[in-house]
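Work out the full structure: start from the sequences and follow the hints.
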Amino acid sequence: MGLCNWSLKMEYLSLKEIASLKKDINHELYLLLSDKSAVTKPNSLQWLFFVDCVNTLFIPQTNSNFNSLTNSNKAQLKYEIENKLRNFYLRPGRKIDFVFQMIHKKELKNIFYEETDSYPSIGEYAVLVRDTSKEISPNNGLTEKDIKEYIERVVTEAVETEFEAYQTLPQIIEEELLNSWFCPFGPAKKEIMHVLTRHVERGWVLTNPMNPSTKRILAIKVKDIKKKEIFVSTTEYWYLRWWDTKKNSYAFPYRETNHQQYILRKDTGIWKVYETIRPSPRTSIPHRRKYL
Numbered sequence: 003m004g005l006c007n008w009s010l011k012m013e014y015l016s017l018k019e020i021a022s023l024k025k026d027i028n029h030e031l032y033l034l035l036s037d038k039s040a041v042t043k044p045n046s047l048q049w050l051f052f053v054d055c056v057n058t059l060f061i062p063q064t065n066s067n068f069n070s071l072t073n074s075n076k077a078q079l080k081y082e083i084e085n086k087l088r089n090f091y092l093r094p095g096r097k098i099d100f101v102f103q104m105i106h107k108k109e110l111k112n113i114f115y116e117e118t119d120s121y122p123s124i125g126e127y128a129v130l131v132r133d134t135s136k137e138i139s140p141n142n143g144l145t146e147k148d149i150k151e152y153i154e155r156v157v158t159e160a161v162e163t164e165f166e167a168y169q170t171l172p173q174i175i176e177e178e179l180l181n182s183w184f185c186p187f188g189p190a191k192k193e194i195m196h197v198l199t200r201h202v203e204r205g206w207v208l209t210n211p212m213n214p215s216t217k218r219i220l221a222i223k224v225k226d227i228k229k230k231e232i233f234v235s236t237t238e239y240w241y242l243r244w245w246d247t248k249k250n251s252y253a254f255p256y257r258e259t260n261h262q263q264y265i266l267r268k269d270t271g272i273w274k275v276y277e278t279i280r281p282s283p284r285t286s287i288p289h290r291r292k293y294l
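Each residue of the sequence shown is one higher than the one before, starting from 3 at the first, in the numbering used here.
There may be inaccurate statements among the hints.
DSS-like, lysine-lysine: derived pairs with alpha carbons at most 30 Å apart [claimed, not checked]: (1) K86 x K248; (2) K86 x K97; (3) K25 x K150; (4) K136 x K228; (5) K136 x K192; (6) K150 x K268; (7) K136 x K38.
None of these hints come from the bench; they were simulated from the model.
The structure is reproduced here in structure tokens:
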């Protein structure tokens, strides 16, 4: 699933086309619901709601229990499905022949001219279907904004995982957790592992009572997307108050607001943080960076 063709005009199947492709669309639905990376609980409310909305495309008179839900509950289910589908279509993997999209029925007037009133829905929510089986480089209905939001999430999760790794000391965090967001053999992960190993030897931790350590991403922006690399800039606040378990006292406070650069590369087809470029700390304290 590539990062190209963002500007393609979306063309959705009409009800007549959907009916003629019922078998193929249902097969795509089956593959989606069987994919554990996308659907961990097929019987959860949001997926049952989604399936009912798809079924109404073939049997408009479908009597769904979801019609009785409050508008706010249905809106929440739609929002959850929207996010899960977007994340699924962003991941690399098998060729997707049909892409599903959930919308509010009032948006149909911007898509269809003749079927707006007759298009099936449940509680004012409907599912659109795109045929991507013949697309060589499908964008799966994703916009440039979707791609950038996904990349920002990767960096955000990487920052969260790095902080979690420091909080896990004196135990070393499971490498699988780091590998979820960092390239396994990239310099960013190696640097984190080096810091963890060094602090285990020192006996430094963040887990003493009332430890004030924290971090915050103040700003994040995807600067450039290339075929093999993505560049992201952030402004981050880090406060790490390391506690020396051997001396039973605070060893060193690391407090910095950094402007950082992240370089992302693909690992087995998935974008992950490869390298983190941090500027030298602005503090006058010598060698402060090594105490991170």
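Query raised in the report: Of the hints given before, which are not true for this structure?
Result: The structure breaks hints 1, 3 and 5; every other hint is satisfied.
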